[in-house]
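J.: In case you want the letters, here they are:
Protein chains: 4
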Amino acid sequence: MLEKIKGPIIIVNYKTYTESTGKNAVELAKKAERVRDETKVYVGVAPQLAELAEVAKSVKIPVFAQHVDPIKPGGYTGHVLIDSVKGTGAVGTLINHSERQLKLSDIEQVVRITREHGMFSVVCANNPRVSAAVAALEPDMIAIEPPELIGSGIPVSKAQPEIITGTIRLVREVNRKVIILCGAGISHGEDVAAALKLGTQGVLVASGIVKAKDPYMVIREFAEASKQ
Amino acid sequence: MLEKIKGPIIIVNYKTYTESTGKNAVELAKKAERVRDETKVYVGVAPQLAELAEVAKSVKIPVFAQHVDPIKPGGYTGHVLIDSVKGTGAVGTLINHSERQLKLSDIEQVVRITREHGMFSVVCANNPRVSAAVAALEPDMIAIEPPELIGSGIPVSKAQPEIITGTIRLVREVNRKVIILCGAGISHGEDVAAALKLGTQGVLVASGIVKAKDPYMVIREFAEASKQ
Amino acid sequence: MLEKIKGPIIIVNYKTYTESTGKNAVELAKKAERVRDETKVYVGVAPQLAELAEVAKSVKIPVFAQHVDPIKPGGYTGHVLIDSVKGTGAVGTLINHSERQLKLSDIEQVVRITREHGMFSVVCANNPRVSAAVAALEPDMIAIEPPELIGSGIPVSKAQPEIITGTIRLVREVNRKVIILCGAGISHGEDVAAALKLGTQGVLVASGIVKAKDPYMVIREFAEASKQ
Amino acid sequence: MLEKIKGPIIIVNYKTYTESTGKNAVELAKKAERVRDETKVYVGVAPQLAELAEVAKSVKIPVFAQHVDPIKPGGYTGHVLIDSVKGTGAVGTLINHSERQLKLSDIEQVVRITREHGMFSVVCANNPRVSAAVAALEPDMIAIEPPELIGSGIPVSKAQPEIITGTIRLVREVNRKVIILCGAGISHGEDVAAALKLGTQGVLVASGIVKAKDPYMVIREFAEASKQ
Numbered sequence: 001m002l003e004k005i006k007g008p009i010i011i012v013n014y015k016t017y018t019e020s021t022g023k024n025a026v027e028l029a030k031k032a033e034r035v036r037d038e039t040k041v042y043v044g045v046a047p048q049l050a051e052l053a054e055v056a057k058s059v060k061i062p063v064f065a066q067h068v069d070p071i072k073p074g075g076y077t078g079h080v081l082i083d084s085v086k087g088t089g090a091v092g093t094l095i096n097h098s099e100r101q102l103k104l105s106d107i108e109q110v111v112r113i114t115r116e117h118g119m120f121s122v123v124c125a126n127n128p129r130v131s132a133a134v135a136a137l138e139p140d141m142i143a144i145e146p147p148e149l150i151g152s153g154i155p156v157s158k159a160q161p162e163i164i165t166g167t168i169r170l171v172r173e174v175n176r177k178v179i180i181l182c183g184a185g186i187s188h189g190e191d192v193a194a195a196l197k198l199g200t201q202g203v204l205v206a207s208g209i210v211k212a213k214d215p216y217m218v219i220r221e222f223a224e225a226s227k228q
Numbered sequence: 001m002l003e004k005i006k007g008p009i010i011i012v013n014y015k016t017y018t019e020s021t022g023k024n025a026v027e028l029a030k031k032a033e034r035v036r037d038e039t040k041v042y043v044g045v046a047p048q049l050a051e052l053a054e055v056a057k058s059v060k061i062p063v064f065a066q067h068v069d070p071i072k073p074g075g076y077t078g079h080v081l082i083d084s085v086k087g088t089g090a091v092g093t094l095i096n097h098s099e100r101q102l103k104l105s106d107i108e109q110v111v112r113i114t115r116e117h118g119m120f121s122v123v124c125a126n127n128p129r130v131s132a133a134v135a136a137l138e139p140d141m142i143a144i145e146p147p148e149l150i151g152s153g154i155p156v157s158k159a160q161p162e163i164i165t166g167t168i169r170l171v172r173e174v175n176r177k178v179i180i181l182c183g184a185g186i187s188h189g190e191d192v193a194a195a196l197k198l199g200t201q202g203v204l205v206a207s208g209i210v211k212a213k214d215p216y217m218v219i220r221e222f223a224e225a226s227k228q
Numbered sequence: 001m002l003e004k005i006k007g008p009i010i011i012v013n014y015k016t017y018t019e020s021t022g023k024n025a026v027e028l029a030k031k032a033e034r035v036r037d038e039t040k041v042y043v044g045v046a047p048q049l050a051e052l053a054e055v056a057k058s059v060k061i062p063v064f065a066q067h068v069d070p071i072k073p074g075g076y077t078g079h080v081l082i083d084s085v086k087g088t089g090a091v092g093t094l095i096n097h098s099e100r101q102l103k104l105s106d107i108e109q110v111v112r113i114t115r116e117h118g119m120f121s122v123v124c125a126n127n128p129r130v131s132a133a134v135a136a137l138e139p140d141m142i143a144i145e146p147p148e149l150i151g152s153g154i155p156v157s158k159a160q161p162e163i164i165t166g167t168i169r170l171v172r173e174v175n176r177k178v179i180i181l182c183g184a185g186i187s188h189g190e191d192v193a194a195a196l197k198l199g200t201q202g203v204l205v206a207s208g209i210v211k212a213k214d215p216y217m218v219i220r221e222f223a224e225a226s227k228q
Numbered sequence: 001m002l003e004k005i006k007g008p009i010i011i012v013n014y015k016t017y018t019e020s021t022g023k024n025a026v027e028l029a030k031k032a033e034r035v036r037d038e039t040k041v042y043v044g045v046a047p048q049l050a051e052l053a054e055v056a057k058s059v060k061i062p063v064f065a066q067h068v069d070p071i072k073p074g075g076y077t078g079h080v081l082i083d084s085v086k087g088t089g090a091v092g093t094l095i096n097h098s099e100r101q102l103k104l105s106d107i108e109q110v111v112r113i114t115r116e117h118g119m120f121s122v123v124c125a126n127n128p129r130v131s132a133a134v135a136a137l138e139p140d141m142i143a144i145e146p147p148e149l150i151g152s153g154i155p156v157s158k159a160q161p162e163i164i165t166g167t168i169r170l171v172r173e174v175n176r177k178v179i180i181l182c183g184a185g186i187s188h189g190e191d192v193a194a195a196l197k198l199g200t201q202g203v204l205v206a207s208g209i210v211k212a213k214d215p216y217m218v219i220r221e222f223a224e225a226s227k228q
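Chains as they are written, first to last, in our numbering: chain S, 1 to 228; chain G, 1 to 228; chain F, 1 to 228; chain U, 1 to 228.
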């Protein structure tokens, strides 16, 4: 059974950056773990599949996959089976990231499969209306990320606060329990603080941390900001 | 640089079967390694991504990914980056398996990326004409697999020998060097022997080994048959 | 502006059957129109794109496309532009049929584009939970069609009434206005009557009519049954 | 049976531009027809599906679809059936345009289906190596279009002549008969002349004509240039 997560959440999406590939994957996870130990803030990491097992073995913070396919064990060459992901020690998965979008019926199936395996589902959505649709699928978390701000350095929480408040409003009409994260352009502690103040429970962040000169310092800054 | 492969080739595609997932992945690889050690026949394995690193670390036989995406390092959540795959110790990848088909331009790009990283490309094709098209992309290997025979237990090398000879003929008009494997329904040593006799250099096999009662015995049978 | 539809709805999905292709497209539409004239029941048809204009010109019943792409005018070779569809005289479009599924964000975009063009959106969904997600996108109609019953001759309204009642319940929690249709296996008037009795407002039907020996008689039977 | 095409070829890809949608579709075709009548140069047009029938009925020049799906008549909602396309009077189809790319096995199937229906296949390719692969599928025509130059106004025939000569060389190693067109950035008569001089038999052009102030004049300029 999954424990209920308390307090603000920071999930670091490794994507497929050089800075988070190979040996860098574990190093980055150790920095995230250090921040978690120092601040007690929930910090999770989402490495690439080939490094998932090594990362999960090396740290005690929660580890997520970046994608899972809507399949059961069988003849599905080149697909991502949740049993295999779970076997690495990962506790959940991102689903439907704007860079890896799924058909609606597949999102529903992956959320269901994830739940059946006692794992966390974090479904990404590109706007408030899509977030409401996702909410109806009852995942554990929704991450709202306007694609035009991803990797832009322009924080959604400051540039487009109405997207976040609009998302929260529409999502809550459909689902009161789902955890709402936001992402895209989050680069500074103040962006995290702004996101939480608007009513989200955390952030999904990628380049802001992965490509930072000193990722530890940025995660630390995010964690401190989330405690205020 | 990749060494040139001599003699018949057996590649075991793990797909996403329970029998090849998690701890089973390494166990199956060790059986394949044992056959290689005993017979000196080239036996490779293609596990799922999440188990790729563990398998590659545990055995000395060649390890392949089942799929790689046509990307360079960057913002590609949920994709398979070849740098990450190579970092595990894998020596190559399957491409365009009938269960994970790609756009033509993506196949071309993945073959090129694979070559640039000094790794083997094994491109699957569903019929002779498609095999000829693949041959023009100059991969290291082509694996012809009629989808209707995959997992059927009806060996392509015996049920449809004309597909194999037709493939070889069309491929050789375009490309004299590429290694030609065949697959689909290969379950017995005699199927392997038939495939080699028709002019292929080996087999790509999945359920015939992965779901066998005694996978070691079947790989061994295949290897022995390939030496005749 | 779209007029509000009153009374039960029958939409005939032509798919790509021989019986509904080419000259057959207009003939079938004329049969549907005859039933509409005789019974006053709302009967719409959804032909293939290449026959859309001819059908829309030949009959006065509502005509739907089977699919529209999430694009604006521009460089999108081979895509379906709503402006082009609207230009034929069609009044709406099916979206996300189980045989032509879309990414979630694309469904949202097509529903929005359809609304902006003053046309009807009929979004298909494969189960109750997915229907609820679709409802959050506020289309004009939802058509619930369990894929395993499509073309089976086993009517969803009789074989799996709980899917329909479950859908209605979940959908109404999210959206009180959307029209709910059901489909899959609908072959007889009594299947239509059962669907309406369960609380739907109509049916989306394909092979039950298109491949019937006498399509006029079946549409007529459906229309009569829907009036009881 | 298809007649053999003699002399240079100009095919106008309408894409989904406003300038080629609705009533504009027939108007543009009439301009192309006028040029054909005046110059005897082969000029074909490729409108959107919903306008295909109207265009084919209105002009005597060859009309192409922009895309066809790899299907036979059956339950394929929202797909493009070649029988339906042929019924409009179209003589062929574009396949695998960079804006509507297909899996390799689907390209092969559509080329085959097109041939079986006595229609022309024009398969697009993004680079020389991919063109060679396409050539192995034996379509009637290959159109090489580097995606980075599409819609750029920078003519491939002048900016990257080596792509065209490289394509011709690789294609001819595999297939001596296939007609080779080039496209991307073709805006002036001199671009067409350059393309023919490099050894192609014609051009596939879109925005250069569709979005021109006076499309008739540009088609006329192209046709004149192709006769030199």
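It is possible that some hints are incorrect.
Copies of one chain are not kept apart here, so a pair can be met inside one copy or by any two copies together.
[Stated by the list, open to error] Taking lysine to any residue and the SDA-like style, the derived pairs with C-alpha atoms no more than 20 angstroms apart in a straight line are:
1. Lys57 / Gly75
2. Lys23 / Tyr76
3. Lys23 / Pro73
4. Lys72 / Lys211
5. Lys213 / Gln201
6. Lys177 / Gly74
The hints are simulated quantities; they were obtained by calculation from the structure and are not laboratory data.
J.: Now look at each hint and say whether the structure bears it out.
T.: Taking the hints in turn, this is what the structure says about them:
Taking the closest pair of Cα atoms, lysine 57 and glycine 75 never come within 20 angstroms of each other, the shortest separation being 28 angstroms inside a single copy and 25 angstroms across copies. In this homomeric assembly, lysine 23 and tyrosine 76 come within 20 angstroms of each other (Cα to Cα) only across copies, at 19 angstroms, whereas the closest approach inside a single copy is 29 angstroms. Taking the shortest Cα distances, lysine 23 and proline 73 sit within 20 angstroms of each other only across copies (15 angstroms), while inside one copy they are farther apart (30 angstroms). Taking the closest pair of Cα atoms, lysine 72 and lysine 211 come within 20 angstroms of each other only across two copies (16 angstroms); inside a single copy the shortest separation is 35 angstroms, beyond that limit.
In this assembly of identical chains, lysine 213 and glutamine 201 lie within 20 angstroms of each other by CA distance neither inside one copy nor across copies; the values are 26 angstroms within and 50 angstroms between. Taking the closest pair of Cα atoms, lysine 177 and glycine 74 never come within 20 angstroms of each other, the shortest separation being 34 angstroms inside a single copy and 34 angstroms across copies.
Comparing the model with each earlier hint shows violations of hints 1, 5, 6; every other hint is respected.
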